[in-house]
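Protein chains: 2
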Amino acid sequence: MKMMVKRLDRIFYPKSVAIVGATPTTNKIGNVVLKNFVEGMFDGEIYPVNPKYDEILGRRCYPQISKIAGKIDCAVLATPADTIPEIMNECAKKKVGGIVMITSGFEESGRTDIAEKIREIAVKNNMPVVGPNCLGVFNPYSKIDSIFLPMYKLERPRAGNIAFITQSGAVGSTIIDLAAYYGVGISKFISYGNATVLDESDYLEYVMNDKETKVIILYIEGVKDGRKFLEIMKKVNKKKPIIVLKGGQGRGGQAAAKSHTGNIAGSYMAYNAAFKQAKVIEADGLYELFDIVKIFNQPKPKGDGIGIITNGGGLGIITTDFVEKENLHLAEFSESTKKEIAKILPPYGNVGNPLDLVADSGVDSYKKAIEIMMNADEINVLIIVVLLQTPPMDERIIHVLTKASDDRRKPIATISVGGAYTEAYRKILERNGVPSYSSPTAAVKAVERFVTYSKYIKKLK
Amino acid sequence: MKMMVKRLDRIFYPKSVAIVGATPTTNKIGNVVLKNFVEGMFDGEIYPVNPKYDEILGRRCYPQISKIAGKIDCAVLATPADTIPEIMNECAKKKVGGIVMITSGFEESGRTDIAEKIREIAVKNNMPVVGPNCLGVFNPYSKIDSIFLPMYKLERPRAGNIAFITQSGAVGSTIIDLAAYYGVGISKFISYGNATVLDESDYLEYVMNDKETKVIILYIEGVKDGRKFLEIMKKVNKKKPIIVLKGGQGRGGQAAAKSHTGNIAGSYMAYNAAFKQAKVIEADGLYELFDIVKIFNQPKPKGDGIGIITNGGGLGIITTDFVEKENLHLAEFSESTKKEIAKILPPYGNVGNPLDLVADSGVDSYKKAIEIMMNADEINVLIIVVLLQTPPMDERIIHVLTKASDDRRKPIATISVGGAYTEAYRKILERNGVPSYSSPTAAVKAVERFVTYSKYIKKLK
Chain A
-6 MKMMVKRLDR IFYPKSVAIV GATPTTNKIG NVVLKNFVEG MFDGEIYPVN PKYDEILGRR
54 CYPQISKIAG KIDCAVLATP ADTIPEIMNE CAKKKVGGIV MITSGFEESG RTDIAEKIRE
114 IAVKNNMPVV GPNCLGVFNP YSKIDSIFLP MYKLERPRAG NIAFITQSGA VGSTIIDLAA
174 YYGVGISKFI SYGNATVLDE SDYLEYVMND KETKVIILYI EGVKDGRKFL EIMKKVNKKK
234 PIIVLKGGQG RGGQAAAKSH TGNIAGSYMA YNAAFKQAKV IEADGLYELF DIVKIFNQPK
294 PKGDGIGIIT NGGGLGIITT DFVEKENLHL AEFSESTKKE IAKILPPYGN VGNPLDLVAD
354 SGVDSYKKAI EIMMNADEIN VLIIVVLLQT PPMDERIIHV LTKASDDRRK PIATISVGGA
414 YTEAYRKILE RNGVPSYSSP TAAVKAVERF VTYSKYIKKL K
Chain B
-6 MKMMVKRLDR IFYPKSVAIV GATPTTNKIG NVVLKNFVEG MFDGEIYPVN PKYDEILGRR
54 CYPQISKIAG KIDCAVLATP ADTIPEIMNE CAKKKVGGIV MITSGFEESG RTDIAEKIRE
114 IAVKNNMPVV GPNCLGVFNP YSKIDSIFLP MYKLERPRAG NIAFITQSGA VGSTIIDLAA
174 YYGVGISKFI SYGNATVLDE SDYLEYVMND KETKVIILYI EGVKDGRKFL EIMKKVNKKK
234 PIIVLKGGQG RGGQAAAKSH TGNIAGSYMA YNAAFKQAKV IEADGLYELF DIVKIFNQPK
294 PKGDGIGIIT NGGGLGIITT DFVEKENLHL AEFSESTKKE IAKILPPYGN VGNPLDLVAD
354 SGVDSYKKAI EIMMNADEIN VLIIVVLLQT PPMDERIIHV LTKASDDRRK PIATISVGGA
414 YTEAYRKILE RNGVPSYSSP TAAVKAVERF VTYSKYIKKL K
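So the protein sequences, as listed, match chains A and B.
Following the working numbering, the numbering of the first sequence begins with -6 at its first residue and continues without gaps.
Following the working numbering, the numbering of the second sequence begins with -6 at its first residue and continues without gaps.
Since the hints were derived computationally from the structure, they do not count as laboratory data.
One or more hints might be untrue.
Just so you know, same-sequence chains aren't split out, so a pair can sit in one copy or run between any two.
[Unchecked claim] Derived DSS-like pairs (lysine-lysine); straight-line CA-CA distance at most 27 Å:
(1) Lys251 x Lys336
(2) Lys318 x Lys269
(3) Lys86 x Lys293
(4) Lys272 x Lys318
(5) Lys318 x Lys251
(6) Lys21 x Lys360
(7) Lys217 x Lys231
(8) Lys217 x Lys207
(9) Lys251 x Lys332
(10) Lys228 x Lys(-5)
The task is simple: from the sequences and hints, build the whole structure.
The following block contains the structure:
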């Protein structure tokens, strides 16, 4: 498969795309995919293929792949399962670079016979296949986008450096949507479904060498080759952190996974052991996957000493509770740090960690408190709780927090809990690249995972 | 304190309010509180009190309480700590119904001497005091609102039947804000700070007898009288479910709690044991508090059999994983249920729980699937995962889910994960009273707490 993995570039950076099964019927997959290419930002050649039409969405439509004159880098297939082997043979003859197979109805529906043919044709011709039974790929750098969900319902995220590899299309699409919503940039999106030809290990290998990717998110249900998977995880995770969520952990979930992508989910204990051995970061839910990845763009912490700043006592306490539950280390302020802090507090303020600036403190107090903690050797990570609703707080807090994140001296995580007003501010912070959380739990868990991974990497060196 | 608790009605349903410490200076507490009364919906008498001014915000300002001719139901105090005892004596003389004391700087700053005086004056005159060091009260039924956070920054929720009792103002305000954001209605909001006169137990007693309250959320840091607290929790929880979050669980959190409201947080193990004994529902974080309460407006489940419907395989699997982790029971479909389901699935569909309607199913499939599960005896709770981003999904899903919630046959919880488009839909669902969650984890945890509480209540009968 090594050769095929390299050839994935033809799929991720195509100059020409054929959409086989394109249709003018609104809301059909073959229509949504074509529309996303036509109305999206893709600027290569687009070839709709369907013998029933001469033109779709104003584009010339071809009866079959072989009738297209130009070279085809990537063919997106959305025709019924039975038609697939013949179309693949045609693609091979035409020397198509690679295939994204959206079609479902193979292993997951008992049609392992067709799946076997797909594998055969792909291997014989060294032609990479993503899928089948998947959403396919999205690459904001090349603008290829085979996700069959309308753009007005599912936003596409901006270019960045997080790769998403997902077995499930549903999970993948929600992550894409959330990434767009929070302004998180992605490098590659791969929804690989049944993994009939290439599997999770192959995609891990691909993004390990992808220059746009710095962090990897992985959602798996069942893995084909456990040994291969463990080895590649170990190798990749040393270079780029992997955050993984395993679907199908119990009996009911495993049964569901079988009928979902036709893969056997297997014993969760074995997976859990493999994750631990490879030191990859395991998430305990969909949002957590997302919460964790946000902090990985921050500079690595040099230790586990946490400093907390807050203007809401109770929120500082809840955050502290989680810091202790997660076995992080609440930093003990040095004498000089204490002195500096005392200078900025009102007479009735208490010098402590969490540092409670109290509700009537404004942006300037935050600025000073952050500066003191940035300079304090005993503090390695800053958790900054900001209750944005207090009277003296104003929009300059955005600048102060963004600057703290941008100067890259120490990692920070910010927490702001609230409704519409607070969420609007939080989104600006997210778009500015500041890890911003709406709950103390989420923030502290992310910090813990980041601290643990950073310790592991430090030891390797 | 029994007598005082009864008198709290004067604070929660006042016909006249004095704001002592009112000021024209923008962003000062005494200004924000007065402004919220003047610009809010409160239609009783409003008396600003401050010897420095003749008029504030177009209202006649009084030099002191005693100079006000009319009766005063509630006095909101926002003057410095040292001035408080004298003002209280004046209030007592004037026969003020009750006091909301926002002022801080007492137990939490070592001034137990003034706190002692406050208690003395209150008890002697049988005059209830909420606070000090708090946000005070909000009652959407009477429109009293002493929360010193501007309305444009912190929305106020609509009238409903959830009472919030919170020791911390910061935690309380974020909950208020989230409740407004998600359209959750509240009955009473009580931020009680140092609990110098009345404490958490007294407020529990008050809302137990409050006809607007059906569910209670409680955030505590330290409790004064553990025995009294345990007894009242037991008593109240049998009539109205209590969902509790304990702040200050570890050493660092306890130290912070001490300097926050001057209360000793005490051993978390003792609290945890008390919660278990009283069968109250313990939340493990701020959002969870909120997630759990949403489902308590649904009809109580008759058992623990869970049915899951989804149009995204992976999301169904993740939801199933959590159902199993939370030790809920994934219902085994009866033969007749299986038959009914087979009729509505496409030929390649799989009859199973989770029931995967697959991505190309639309609103009608949901309608039918919900109807089948509503009629199936083996299913007690419906968890409905809807990936709103799929092409065939449209706005009629709102109607179908709202109807399923409104007909009150069985409790439902819905899950939709996504960005802006999905969140807009979710908000409509919330406003329609449908428990809607953005993560499987949150939904399943809420269902588990609701099932467990319902079993407890059923046994009592």
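For each hint, the structure was consulted:
no.	hint	verdict
1	Lys251 x Lys336	between (62 Å within a copy, 22 Å between copies)
2	Lys318 x Lys269	both (20 Å within a copy, 20 Å between copies)
3	Lys86 x Lys293	neither (49 Å within a copy, 63 Å between copies)
4	Lys272 x Lys318	both (21 Å within a copy, 23 Å between copies)
5	Lys318 x Lys251	between (36 Å within a copy, 19 Å between copies)
6	Lys21 x Lys360	between (53 Å within a copy, 21 Å between copies)
7	Lys217 x Lys231	within (23 Å within a copy, 51 Å between copies)
8	Lys217 x Lys207	within (25 Å within a copy, 51 Å between copies)
9	Lys251 x Lys332	between (61 Å within a copy, 21 Å between copies)
10	Lys228 x Lys(-5)	within (15 Å within a copy, 67 Å between copies)
In this structure, only the earlier hint numbered 3 is contradicted, and the remaining ones agree with it.
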